[in-house]
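Protein sequence lines correspond, in order, to chains A and B.
For the first sequence, position 58 matches number 58 in this note's numbering, and the numbering has no gaps at all.
For the second sequence, position 135 matches number 265 in this note's numbering, and the numbering has no gaps at all.
Keep in mind that the hints were calculated from the coordinates and are not lab data.
Note that CB positions come from ideal geometry on N, CA and C, so glycine has one too.
Treat each hint with caution, since some may be false.
If you want a taste of the chain B side facing chain A, the calculated C-beta under 7 Å gives, among others [claimed, not checked]:
(1) TYR152
(2) GLY157
(3) ALA211
(4) PHE214
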Amino acid sequence: MEPGSDIPILLVTPDRSLPHRYARASGDFNPIHVDVHYARSVGQRSNILHGLYTMGLVARATMRAACGDPRNLRSISMEFRAPAFPEHEIAISGTVRSVEGEVATLELCAEQDGVSLVRNARAVVATPRV
Amino acid sequence: MTSDRIALSWQYSVGREKIREYATALGHREPWYFDPAAAREAGFRDVVAPPLFAVVFCQWMGPAILHPDSPIDYGRMLHGAQEFEFLETVCAGDVIRTAATLGEASHKGSLTFYVIESTSSNQEGREVVKGRWTMIVREA
Numbered sequence: 001m002e003p004g005s006d007i008p009i010l011l012v013t014p015d016r017s018l019p020h021r022y023a024r025a026s027g028d029f030n031p032i033h034v035d036v037h038y039a040r041s042v043g044q045r046s047n048i049l050h051g052l053y054t055m056g057l058v059a060r061a062t063m064r065a066a067c068g069d070p071r072n073l074r075s076i077s078m079e080f081r082a083p084a085f086p087e088h089e090i091a092i093s094g095t096v097r098s099v100e101g102e103v104a105t106l107e108l109c110a111e112q113d114g115v116s117l118v119r120n121a122r123a124v125v126a127t128p129r130v
Numbered sequence: 131m132t133s134d135r136i137a138l139s140w141q142y143s144v145g146r147e148k149i150r151e152y153a154t155a156l157g158h159r160e161p162w163y164f165d166p167a168a169a170r171e172a173g174f175r176d177v178v179a180p181p182l183f184a185v186v187f188c189q190w191m192g193p194a195i196l197h198p199d200s201p202i203d204y205g206r207m208l209h210g211a212q213e214f215e216f217l218e219t220v221c222a223g224d225v226i227r228t229a230a231t232l233g234e235a236s237h238k239g240s241l242t243f244y245v246i247e248s249t250s251s252n253q254e255g256r257e258v259v260k261g262r263w264t265m266i267v268r269e270a
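So that you can see chain A by itself, here it is in the shape it has in the complex (with noise of 0.2 Å):
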């Protein structure tokens, strides 16, 4: 990992039935992710998909340039900026920003439509030299 580089793009469309699955998988429930009409009820175009499920594939995307090794990850940070909905292609990229001898630290985006999802996305990795 060196200061500038960037990590491959990972690019993920969600499917109708994601939003059910990650709610089951995560516990969470909330009408707004997993039910059109309430979502439009409350002002969205569509059912959201779980902020933590972006910010999980921002995970996946940074441990893949990081071995895949879930140790690696040391820590992980983002502000939620627009909804994100399924059916459309989601993009993570990844930028690294400064290391530290075995440490980077990444700034990282998630684009969908040309919409930025996150503000402020920011990871810690741990580079142990192979």
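Given chain A, work out where chain B should sit, using these hints.
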């Protein structure tokens, strides 16, 4: 000085099938999230959980958010921000205890911010994850 509005803790028993279900939903294919032999070969004691599996054993802070003393209007709540610090990996068979505290809310215009701080530890008393969960409620 602020006092915590809510402080409580809960326990969660981590199982292989739930890890597999969660890893599948996130689109993971790495074998250590699914196969105990592959996990052990990679140095884990059993099938290991992806780091964001913390949402599962933290129960997405549901016990705190839905607590009778909680000031958070769940029906109008949105997830504003999230931080996790990962200290140890979590594997099938672990029992995780999570302690959560909700302090005083802050306001910015028509938005109310609630920050829940959490710490989760395993059955050996080792801290595994720290979380900072920011929920936002917009005034009607």
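Status of the hints after comparison with the structure:
no.: 1; hint: TYR152; result: holds (4 Å)
no.: 2; hint: GLY157; result: holds (6 Å)
no.: 3; hint: ALA211; result: holds (4 Å)
no.: 4; hint: PHE214; result: holds (5 Å)
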